[in-house]
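Quick mapping for you: the protein sequence lines, in order, are chains H and C. Heads up: the first sequence at position 139 corresponds to 138 in numbering that gives the first Met the number 0, and the numbers run straight through without jumps. Heads up: the second sequence at position 32 corresponds to 31 in numbering that gives the first Met the number 0, and the numbers run straight through without jumps.
Hint data in this document are derived by calculation from the structure and do not stem from the laboratory. Fair warning: this is a prediction, and the values are worked out from it, not measured in the lab. Just so you know, not all the hints are guaranteed correct.
Stated by the list, open to error - Selected chain H positions facing chain C (Cβ under 7 Å, derived; list incomplete): (1) Ser78; (2) Gly84; (3) Ala85; (4) Leu94; (5) Ser124; (6) Ser158; (7) Pro160; (8) Ser243; (9) Gly246; (10) Ala325.
We put the beta carbon where it would ideally sit given N, CA and C, even for glycine.
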Amino acid sequence: MSDIQNENTTKPEAKLNLQGESEMILREAVAFALGEALEADNDVFMMGEDIGAYGGPYAVTRGFLEKYGEKRIKDTPISEAAIVGAGGGAAVAGLRPIVELMTINFSLVAMDQIVNHVARFRYMSNGQFEVPLVIRTVTGGGAQLGATHSQSFESMFASIPGLLVATPSTPYDALGLLRSAIKDNNPVIFAEHALLYGVKGKVPKTYYEIPFGKAAFRREGKDITIIGYSRMAHIADEAAEILSHRGIQADVIDLRTLRPIDMETIIKSVQKTNRAVIVEETWLTGGFSGEIASRIHETAFDYLDGPVVRVNGLDVPAPYSGKLEAATIPTALKVSESIRKNLGI
Amino acid sequence: MATNELRSSDDVGFAYDLAKSELTDFYRQMLRIRRFEESSANLYMQGHIKGFLHLYIGEEAIAVGSIAALSSNDYVVTHYRDHGHAIAKGMETKTAMAELCGKSTGSSGGKGGSMHLIDASKRFMGGYAIVAGQMPMAAGIALANQYRGDDSIVLCYFGDGAVNEGAFHETMNLASVWNLPMIFFLENNLYGMGTHADRARAGGAHEIYKAAEAYAMPGIQIDGMQLSTVYNHTRATVEDIRTNGGPRFIEAMCYRYRGHSMADPSMYRERDEVEENRERDPIDNYKNWLIGNQSFDEKIIKDIDSEIETEIASAVKFAMDSPEPEPDTLFENIYV
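Put together the whole structure using the sequences plus the hints.
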C-alpha cells in the first residue's frame with residue numbers, strides 16, 4: 000500500500016506548471032467533483048449503500064447528507080440490481096444520477112442491469128433515449144480482503160459497447176475525469192482503486208476537464224513503452240524507474256480510460272520505442288492487456304523488436320494471506336524482470 | 000385443469016361514467032392488438048419476422064383496460080410480450096410492424112425487434128427481454144417523477160415468472176421504502192414459458208398478489224380477462240397513487256392462447272385447457288356486452304372490424320414495403 004502513496008505519484012501534474020494549485024488526495028478530488036456537480040445541477044443526485052448517514056464506505060461522501068439532504072443523497076437498501084437499474088431509469092427520465100456501488104465485486108449482482116439495460120437502452124431505442132448515468136465503484140485488490148472483495152472487473156466492462164470506463168490513478172485525473180463523466184450523456188463505469196484514495200497530487204484551482212480517450216504520459220523515454228491504468232499506472236512508473244538504473248528509458252502511458260481507449264498514443268509511442276509492455280491488475284486470461292497487445296500487433300507489427308509483453312495478475316482467485324495475495328499482483332520488480340526475460344533488455 | 004379461476008368474478012360494467020366513444024375505443028384497441036398479433040404470426044410463418052415472437056393474444060383486456068386508466072403523461076414499462084402494451088399506449092401499428100420486420104421505418108429503426116419496442120413520444124419506455132429486468136428501470140423512472148414533483152406515475156408490467164427473480168424483490172422493496180409512484184402490474188397467465196406457476200411459485204399460482212404484503216404494499220387480484228374490471232381497478236389505483244403516493248400492486252389473472260413464443264408448440268398443457276379459457280375471450284365478451292347491454296348497433300362493430308382490418312393490412316404493407324436499415328446505421332446510437 001505504501002508504495003503507491005509516496006511522492007512518485009505527482010509527476011504529470013508537476014509538468015503542467017499550473018498557477019494556483021492545491022494539493023489533495025484522490026478521495027478529496029472525487030468528493031470535490033461530486034460536490035461541485037451537486038451544487039451546479041439540481042438534476043444530479045446520488046444513491047448508494049451507506050453513502051449518507053454512514054458517510055460513505057470509503058468516506059468519499061462524508062458530510063454530504065448533512066450538506067445536500069436526503070432527497071439528493073439517498074441511502075439505499077443493499078440491492079445492487081435495483082440501485083443500478085433505478086439509476087438507469089432515472090437517467091432515462093431526465094435526471095443525472097450518480098450511483099455508488101460499494102465495490103466493483105458487487106457489480107456482479109447488478110450485471111444484468113448494467114449490461115442488458117443501462118448499456119443497451121440507447122441502442123435498442125435507436126437513440127430515442129440517452130442514459131446519463133455514472134456508476135462509481137471501488138476496484139482492486141491488495142488489502143487482504145479475500146477472493147470476493149479484491150477483484151478488478153473494469154476490463155470486463157470495457158468490453159461492453161454502450162459503456163464508458165474510467166480508471167483514474169491521480170487526484171488530478173480523478174477530478175478531471177469525473178467532471179467529464181458527470182457531464183457525459185452515456186453510462187460511465189468510474190472505477191476508483193481502493194489503494195489510491197490516499198494518493199496525493201496537485202490539482203489546479205481553475206476549472207478543467209479530462210476528456211475520455213486521452214491517455215497521459217507519466218514519463219517519456221525512447222527504449223520501451225510501458226502501459227498501465229489505475230493502480231498499475233503507478234507500478235508501470237516504478238518499473239520505469241528501476242529500468243532507468245539499467246540505462247533504459249521508458250515511455251510510461253497511463254490509459255486513464257479503457258473505453259474509449261487511446262490507441263493512437265500507444266501506437267505512436269510503440270513506433271518510437273519498438274517495444275511494449277502492458278501492466279494490469281486483473282487476470283491474464285481475458286484481461287484488457289490481451290486486447291491492447293493484439294491491437295498493437297495488428298497496427299504496429301513491423302515496428303516491434305519483440306513480442307508485446309503482458310504482466311497481469313495471476314490466474315487465481317485472490318487469496319486472503321498477505322504473502323500469497325502479494326504474489327498474485329504485478330509489482331515494479333516483476334515488470335522489470337519480465338522485460339529483461341522477454342525482451343532481453 | 001388450470002383454468003384461471005378467480006377469487007371473485009365481476010360482470011362487465013364500468014364504475015365510471017364513460018362516453019360512448021371511449022367504450023368504442025376499448026373495443027377498437029383490443030381488436031387492433033388481436034389482429035396485429037394474428038398478422039405478426041402470419042408474417043413469422045412466412046419468414047418475414049425472425050427471432051422470437053411472443054404473442055399477446057388472449058391478454059388484450061389488460062393492456063387496453065389498464066393503459067386507458069392512465070393519463071398520456073404517465074409511463075409504461077413492460078416485458079418482452081410487449082406489442083399489446085405498445086399499441087395501447089399509442090404506438091402506431093405500422094411502426095410496430097415495421098420494427099418486427101426489422102425495417103428502417105420501425106420504432107427503433109430495426110435495432111430493437113419484437114421484444115424491444117420503445118416509443119419516447121408516447122412515454123412507452125420499452126419492452127425488456129430479461130425477466131424482471133425492467134422493474135428496476137421502472138422504479139427509477141418513478142423516482143425521477145417523485146424527485147421532480149411530477150405527478151406522473153409508472154405502470155410496470157411483468158409476468159408470473161418474474162416474481163421469482165431477485166430484481167422483482169429488490170424493486171418491490173425499494174419502491175415501498177421510497178414510496179415510489181408506480182403500479183406493479185402482474186399479468187398472471189399461469190405459465191413461465193412452459194412451467195406452470197404451481198410448480199415454480201411457493202404457495203402456488205393463484206394468489207401471487209399476496210407477495211406485496213411482504214413489502215407493506217397494498218395489492219389486489221382482479222380478472223384480467225374482463226376489460227371493465229381491469230379499467231375500474233387500475234383507474235382507482237391510479238387515483239389512489241396520485242393522492243397518496245405509491246406503490247401499488249395489481250395481479251390480473253389471464254391466459255395466453257398461443258405458446259410462449261412462436262417456437263413453442265405448448266406440449267405442457269392440454270388443448271381443453273386452452274379452449275376453456277378461450278370461451279372467456281375478452282374481446283368477444285366485451286363485444287357482446289356492447290351489443291347486448293349498451294345497445295350498440297352491430298354495424299358500428301362491423302365498421303370497426305373492417306377499419307382495423309384495413310389498418311393492419313396497411314401496416315403489414317408498410318412494413319413489407321419499407322427498406323431494411325443501411326449498414327452505415329450500425330454504429331449509430333451506441334453512444335451519444
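Structure-based check of all given hints:
{"no.": "1", "hint": "Ser78", "in the structure": "holds, 4 Å"}
{"no.": "2", "hint": "Gly84", "in the structure": "holds, 2 Å"}
{"no.": "3", "hint": "Ala85", "in the structure": "holds, 4 Å"}
{"no.": "4", "hint": "Leu94", "in the structure": "holds, 5 Å"}
{"no.": "5", "hint": "Ser124", "in the structure": "holds, 4 Å"}
{"no.": "6", "hint": "Ser158", "in the structure": "violated, 13 Å"}
{"no.": "7", "hint": "Pro160", "in the structure": "holds, 5 Å"}
{"no.": "8", "hint": "Ser243", "in the structure": "violated, 39 Å"}
{"no.": "9", "hint": "Gly246", "in the structure": "violated, 44 Å"}
{"no.": "10", "hint": "Ala325", "in the structure": "violated, 35 Å"}
Violated hints for the displayed structure, listed by number in ascending order: 6, 8, 9 and 10.
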